Amino acid sequence: MKNNEDKKSIQDKLATIKYNCDSKTHLIVDQKKCAKCKDKPCLTVCPAKVYSLDENTNEIVVQYENCLECGACRLFCPKGAIDWNYPSSGCGVIFKNS
Amino acid sequence: MDINYNTDVIVVGAGPCGVSAALEVARGGKKVVLIDRAKYAGSKNMYGGAIYKTALQEIFQEDFETLPYERIINSHSWAFLTDTGSCSITFQDETNSEAYAIKRFNLEKWMIEIAKKKGVYFAPNTLVKKLIQKDGYVVGVETELEEYYAPIVILADGVNSLLAKELNLREKYQPKDVILSVKETIKLDKKTIEERFNLKEDLTNGVTKMYLGNPKDTNAIFMMGFLYTFKDTLMLGVGANLADLAKNKLNINDLLEYLKNHNDIKPLIKDGQILEYSAHLIPETGYNKMPKLTDNGVIIAGDAAGFINSVHFEGTNYALISGKLAGKTALSALENSNYSQGFLSLYKKELDKSFILKDLYTYRNIIDRLYDRRSSIMNYYPYKIKEFFEIVTSANCKSKSVQFRNYLLSFLKDRNLKELVKDGFAAFRCVLDIFFGR
Chain A
1 MKNNEDKKSI QDKLATIKYN CDSKTHLIVD QKKCAKCKDK PCLTVCPAKV YSLDENTNEI
61 VVQYENCLEC GACRLFCPKG AIDWNYPSSG CGVIFKNS
Chain B
1 MDINYNTDVI VVGAGPCGVS AALEVARGGK KVVLIDRAKY AGSKNMYGGA IYKTALQEIF
61 QEDFETLPYE RIINSHSWAF LTDTGSCSIT FQDETNSEAY AIKRFNLEKW MIEIAKKKGV
121 YFAPNTLVKK LIQKDGYVVG VETELEEYYA PIVILADGVN SLLAKELNLR EKYQPKDVIL
181 SVKETIKLDK KTIEERFNLK EDLTNGVTKM YLGNPKDTNA IFMMGFLYTF KDTLMLGVGA
241 NLADLAKNKL NINDLLEYLK NHNDIKPLIK DGQILEYSAH LIPETGYNKM PKLTDNGVII
301 AGDAAGFINS VHFEGTNYAL ISGKLAGKTA LSALENSNYS QGFLSLYKKE LDKSFILKDL
361 YTYRNIIDRL YDRRSSIMNY YPYKIKEFFE IVTSANCKSK SVQFRNYLLS FLKDRNLKEL
421 VKDGFAAFRC VLDIFFGR
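These protein sequences, in sequence, are chains A and B. Going by this note's numbering, the first sequence opens with residue 1, and the numbers climb by one from there. Going by this note's numbering, the second sequence opens with residue 1, and the numbers climb by one from there.
Hints may be right or wrong, so weigh each one.
[What the hints assert, rightly or not] Using C-beta positions, here's what the derived DEER-type ranges look like:
1. B:Glu65 <-> A:Lys18: 24 to 34 Å
2. A:Asn20 <-> B:Glu201: 44 to 54 Å
3. A:Glu65 <-> B:Asn336: 46 to 56 Å
4. A:Asp30 <-> B:Ser77: 38 to 48 Å
5. B:Glu335 <-> A:Ala15: 48 to 58 Å
6. A:Asn20 <-> B:Ser410: 51 to 61 Å
7. A:Gln11 <-> B:Asp433: 42 to 52 Å
8. A:Thr57 <-> B:Ile89: 50 to 60 Å
9. A:Tyr19 <-> B:Lys172: 22 to 32 Å
10. B:Leu412 <-> A:Ala35: 43 to 53 Å
11. B:Glu113 <-> A:Ser52: 35 to 45 Å
12. B:Lys216 <-> A:Thr44: 13 to 23 Å
13. B:Glu98 <-> A:Glu65: 36 to 46 Å
Keep in mind that the hints were calculated from the coordinates and are not lab data. Quantities reported herein were computed from a predicted structural model and do not represent experimental measurements. All C-beta atoms, glycine included, are put in the ideal place defined by N, C-alpha and C.
Turn these sequences into a full structure, and let the hints steer you where they fit.
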């Protein structure tokens, strides 16, 4: 996409959002399944860039604190490796202006 | 069954559907607990930006007058985008006042205040962990802190409905079944918005724009951009089919940035500050992948049941009315002390009589037909429209007849006849679907 010279990063956008951070993750990935996954669409498709790859261990790192709770990863993960739950009561994203 | 019920009905999820269901039960004089996982109902929700009057009036009656909306939306445009320009059509009329721009946080807050006044017991900050079942019946819910028991549980827990999944009411959703949408709330002064969109100061008019078209250098992505004017913010977002995003390893934020930098949109949002970024899924399962709508002691409604007509951007009205019908069914069940799947199937009959299942039936294949032709719709026709209007508008001192003839012939040269016939056939069948719908 050529005319994206002023592209705003997702990180900048996430900074606009309020969260009440949960003490534990609501997204549990099965690293064994991830290891066998060639495509790893989670690394690119998640709108909050929750998933990244630890280059030393080759494991998926889950920044659940940034999750927008859309549920996309639950559906697109080709290995069904994501155990997707809601954050605990009252925790997670707080959209005030959407 | 030997159970100590502590309420008559439990509703899970306090969006438009859940509130409407709970309100209906309370109006019928029964006890209802409305549970929501968020600290503030509405704070997990996101939509394009407008809620519709007819359904709101039906549910909230005289209280509708107090809706704290930001603008009435009475100008609607649809634009085909190419990378460098657009072709659009606008419908606007001062008497058109069906759509009201309001943020979800404010909408849900308003709805819940009304529901509480009518006797709904509201339990926010409460995540339902699982359903409680006994002898093949759903008899309650288990939250993090306590258990609630009721003979009827209404699931209004949204597109990701983990509870419907728990009961196997729905087929497993595939990425192709959903649209992933992201949106930016962009802050601008009220006056700037009014100048840019030619709006009145008194908030009685507002604009929505829909954008169809792909960035030229991507594969075909089934996507649509949207823009809504609020009081002192603009809502700019985009939705795209999740399977297309996953297949192309594309982040939807890139599509949003494409729109933000498009010649048509960039001047509209100039100097705006991003106030919030949000994301949500939209179910496109429709009639063909409709869940089992009831089971013993349980009814499913709203987004959780996939009640959306994305061709017309309708969803909140489906949520409100299906919630009401779920509540109405619960009241009949309580009156007859019959909570079986057989009795609750009354709900399906009510839905069949309403616009909800009529429209879902009419549009049952339309999204699939459009999706199959997405490369034509998104990457081909916007450019053919551009070529056509270039001939119409350019005084280039060449024979018009030759140009128009060449233009018509170009359809045969650009791509094979088979594709053209398929496009025409799909369009024809969409028209037939609507004409011979319910």
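Status of the hints after comparison with the structure:
Take glutamate 65 of chain B and lysine 18 of chain A: their Cβ atoms lie about 31 Å apart, and the range 24 to 34 Å holds. At roughly 37 Å, the beta-carbon separation of asparagine 20 of chain A and glutamate 201 of chain B lies outside the given 44 to 54 Å, and the hint is violated. For glutamate 65 of chain A paired with asparagine 336 of chain B, a C-beta distance near 48 Å keeps the hint of 46 to 56 Å intact. Taking 38 to 48 Å as the suggested C-beta distance range, the pair aspartate 30 of chain A and serine 77 of chain B conforms, at roughly 46 Å.
The hint said 48 to 58 Å for the Cβ distance between glutamate 335 of chain B and alanine 15 of chain A, and at roughly 53 Å that hint holds. The supplied range of 51 to 61 Å is met by asparagine 20 of chain A and serine 410 of chain B, whose beta-carbon atoms lie about 57 Å from each other. For glutamine 11 of chain A paired with aspartate 433 of chain B, a C-beta distance near 44 Å keeps the hint of 42 to 52 Å intact. Between threonine 57 of chain A and isoleucine 89 of chain B the Cβ separation comes to about 54 Å, which falls inside the hinted range of 50 to 60 Å.
Separated by about 29 Å at the C-beta atoms, tyrosine 19 of chain A and lysine 172 of chain B satisfy the suggested range of 22 to 32 Å. Between leucine 412 of chain B and alanine 35 of chain A the C-beta distance comes to about 51 Å, which sits within the given range of 43 to 53 Å. Look at glutamate 113 of chain B against serine 52 of chain A: about 42 Å separates their beta carbons, and that is inside 35 to 45 Å. At roughly 20 Å, the beta carbons of lysine 216 of chain B and threonine 44 of chain A sit within the given window of 13 to 23 Å.
The hinted window of 36 to 46 Å between glutamate 98 of chain B and glutamate 65 of chain A holds, with their beta carbons roughly 40 Å apart.
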